[in-house]
Structure formats: C-alpha cells, structure tokens
Amino acid sequence: MIAIGCIGSLRLFKRWVDELPAETAAEINATEQIRTFTQQDVERYIGASFPNTATDIHYRGYTVGMQDSEVFIRFSISPSDLNNFLEELEITEPLKEQFYSGELRYGYQRTIDWWEPQKAQRYSGIRTEPEQSIVLSVLVDKTQSDEYKIYVHRLKW
Numbered sequence: 005m006i007a008i009g010c011i012g013s014l015r016l017f018k019r020w021v022d023e024l025p026a027e028t029a030a031e032i033n034a035t036e037q038i039r040t041f042t043q044q045d046v047e048r049y050i051g052a053s054f055p056n057t058a059t060d061i062h063y064r065g066y067t068v069g070m071q072d073s074e075v076f077i078r079f080s081i082s083p084s085d086l087n088n089f090l091e092e093l094e095i096t097e098p099l100k101e102q103f104y105s106g107e108l109r110y111g112y113q114r115t116i117d118w119w120e121p122q123k124a125q126r127y128s129g130i131r132t133e134p135e136q137s138i139v140l141s142v143l144v145d146k147t148q149s150d151e152y153k154i155y156v157h158r159l160k161w
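Quick note on the working numbering: the sequence shown kicks off at 5 and runs consecutively.
Be aware that one or more of the hints could be misleading.
Below 20 Å or equal to it, Euclidean Cα-Cα: the simulated DMTMM-like pairs (lysine to aspartate or glutamate) are [to be verified]:
#: 1; residue 1: K160; residue 2: D45
#: 2; residue 1: K160; residue 2: E133
#: 3; residue 1: K123; residue 2: D150
#: 4; residue 1: K146; residue 2: D72
#: 5; residue 1: K160; residue 2: E101
#: 6; residue 1: K100; residue 2: D117
#: 7; residue 1: K123; residue 2: E91
#: 8; residue 1: K123; residue 2: E151
#: 9; residue 1: K146; residue 2: D45
#: 10; residue 1: K146; residue 2: E101
#: 11; residue 1: K160; residue 2: D60
#: 12; residue 1: K100; residue 2: E151
#: 13; residue 1: K123; residue 2: E92
#: 14; residue 1: K100; residue 2: E133
#: 15; residue 1: K123; residue 2: E133
#: 16; residue 1: K100; residue 2: D60
#: 17; residue 1: K146; residue 2: D85
#: 18; residue 1: K160; residue 2: D85
#: 19; residue 1: K123; residue 2: E47
#: 20; residue 1: K100; residue 2: E120
#: 21; residue 1: K160; residue 2: E135
#: 22; residue 1: K160; residue 2: E94
These are calculated hints, taken from the structure and not from any lab test.
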C-alpha cells in the first residue's frame with residue numbers, strides 16, 4: 005500500500021515537473037543545485053535587508069531534493085548597524101560570545117571560497133529556529149573592531 009502511494013506521488017511530481025519551465029524543472033530534478041539569487045531574493049528569503057553600510061556582499065543558495073533549500077551570506081558592516089540587522093532578522097536573544105553554530109560548517113564543506121567563519125578570532129553567534137523546519141545561524145566576526153564580518157546561514161527543510 006505504501007509503495008503504491010509512493011509511486012503515485014512520484015508520477016504526480018514528474019507530471020508537475022514536466023509542466024515547469026525547463027530551467028526550473030532541471031533545478032528540481034537535481035540532487036543538489038546551486039540557485040541563482042539576486043540581492044532582493046536573498047533579502048526576501050532571510051526576511052531582512054542588507055544594512056546601508058554593507059560591503060563585500062556574497063551569497064549562494066542551494067536547493068537539495070524537492071524542498072530543502074539553504075543560503076549562505078557574508079558581508080561586512082559597521083558595528084553600529086549590527087543591532088538593527090539582528091532586529092530585522094527577528095533575533096531577540098543576545099548573541100553568545102565565542103558561539104559557533106554547527107550549521108556554519110556546511111559552507112566550507114561545499115568549498116565556497118569566501119565562506120570563512122572558522123577564521124574568526126573574536127566572534128559571537130546564535131542559532132535560532134524562527135519557524136518550523138527553518139534554522140537560522142548567525143556569526144559576527146569581531147576580529148576587526150571597526151568592521152564586522154557577518155555570516156548568515158539559513159536552512160529550510
């Protein structure tokens with residue numbers, strides 16, 4: 005009975021994918037696919053805008069399977085903009101000093117050359133679950149006191 009349900013679901017999924025534009029169908033069919041994002045897409049996805057002082061902005065997204073998606077973001081900001089950015093992300097708890105969320109390691113497992121949170125000497129971070137099936141990890145690299153590097157990883161499954 006379960007096998008029949010799975011086969012039926014796969015047929016429905018295949019028919020749905022066949023009706024999509026070719027580039028979307030190819031993305032969904034891939035086991036893991038790099039997603040093409042604009043800066044506005046990234047801001048919508050994380051629910052926050054980049055601060056006006058943000059520089060050196062990098063981001064990369066992935067789709068895994070049919071539903072899982074994740075985005076890696078790194079940028080630099082003035083320390084004075086940190087609290088406003090965290091408020092936009094709806095992070096209400098204080099960051100923990102020298103806290104490094106395990107999800108952050110996914111970036112360098114994927115060989116993203118600009119993803120280097122492991123090089124931070126002074127940092128604080130947090131891991132939250134703002135909604136069911138969503139994990140948001142933030143690390144603030146405070147190694148340079150006049151400019152913070154912000155690392156954000158958002159995983160949805």
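task = Assess, step by step, whether the Cα of K160 is no farther than 20 Å from the Cα of E101, and give holds or violated.
result = 25 Å, violated
key: Agreement of K123 and D150 with the hint, judged by alpha carbon distance not exceeding 20 Å   = Within the cut-off at roughly 17 Å; holds.
Pair hint outcome, K100 versus D60 [Cα-Cα no greater than 20 Å] = Measuring from Cα to Cα gives roughly 25 Å; hence the hint is violated.
query = Can the restraint linking K100 and E120 be considered satisfied, given a maximum Cα separation of 20 Å?
reply = 19 Å, holds
request  = With a cut-off of 20 Å on the C-alpha distance, tell me whether K160 and D45 pass.
outcome  = 15 Å, holds
query = Are the Cα positions of K160 and D60 separated by 20 Å at most?
reply = 25 Å, violated
task = Quickly compare the C-alpha distance for K100 and D117 to 20 Å and report which way the hint goes.
result = Given pair K100, D117 is violated - Cα atoms ~26 Å apart, limit 20 Å.
message = Run the distance test for K146 versus D85: straight-line Cα separation, threshold 20 Å.
response = This hinted pair holds, its Cα atoms lying about 13 Å apart.
task = Assess, step by step, whether the Cα of K123 is no farther than 20 Å from the Cα of E47, and give holds or violated.
result = Roughly 25 Å separates the two Cα atoms, so the pair is violated.
ask   = Is it true that the CA of K160 sits at most 20 Å from the CA of D85?
value = Measuring from Cα to Cα gives roughly 26 Å; hence the hint is violated.
query = Can the restraint linking K146 and D72 be considered satisfied, given a maximum Cα separation of 20 Å?
reply = 31 Å, violated
message = Against the 20 Å threshold, does the CA-CA distance of K160 and E94 hold or violate the hint?
response = 17 Å, holds
In terms of the numbered hints stated before, the structure departs from hints 4, 5, 6, 7, 9, 11, 13, 15, 16, 18 and 19, listed from lowest to highest.
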